[in-house]
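J.: Using my numbering, read the sequence shown as starting at 19 and increasing by one per residue.
Hints listed in this document are in silico derivations from the structure and should not be mistaken for laboratory results.
Possibly wrong hints are sitting among the right ones.
Calculated pairs, DMTMM-like style, for lysine to aspartate or glutamate (alpha carbon to alpha carbon, straight line, at most 25 Å) [claimed, not checked]:
1) K206 <-> E137
2) K159 <-> D191
3) K95 <-> E128
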Amino acid sequence: MGNKISTFGDFFQPGHMQIVIVGLDNAGKSTILYRLKLGRYVTTMPTIGFNCEKIRPSYGTAKGISFSLWDVGGQDKIRPLWKSYIRHTHAILFVVDSSDEERFEEAKVELSNLIRSNEISSQAPIVLLANKQDLPLAKSKLEIEKRLTAGQENFLLNGHSLTVVPCCAVSGDGLDDFFDLIYDLIIKSRKSAKMKNKSIVGTLTAPTSSSKGMNFR
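Using the sequences and the accompanying hints, generate a full structural model.
T.: This is the structure:
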């Protein structure tokens, strides 16, 4: 584990996808990363900087796709660096501790900053991982969605898709089909963006009512 070197130059390589993992400190980002990488629970230390791992699923719809997952530290002094990572990413994972209700508002502010940021591509889907569902005080998927996305409707409708996934990094619950989910969301987002662009181009090139039937010489 550690700050393994990769490059965002891989962003445009066919069959390669960049995923950025952000969220408040102690939300379980690194635990999720290594659960996905190793398929088991490992003890992690607070991330100062970032961790990066490449994972290539061997089954499902994402089989053979190479994913680079960037786990970025969540301490308040590190959060301004998030924008450097989200500029070139196919999807964003925002991890929240479902049991820490006292920090929901803080998490909502940071999530809002991401959604409203000009740094993030409108094609990049956002997945809100509601982690630590095994704890007694963990809130439900619906409660997490309500508490953390209220007031963001206009920005989400403006192109950003947001999917809430309850999970437990310790047991792996909710993460079994993670790569299929994220791959499908990315492909769906790309198709939606292409359709939107075609619609805009069609609107710009369509003849106006005043020009219909006019004979230009």
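J.: A separate judgement is required for each hint: does it hold in the structure or not?
T.: Here is how each hint holds up against the structure:
| no. | hint | verdict |
| --- | --- | --- |
| 1 | K206 <-> E137 | 21 Å, holds |
| 2 | K159 <-> D191 | 14 Å, holds |
| 3 | K95 <-> E128 | 13 Å, holds |
Of the numbered hints stated above, none is contradicted by the structure.
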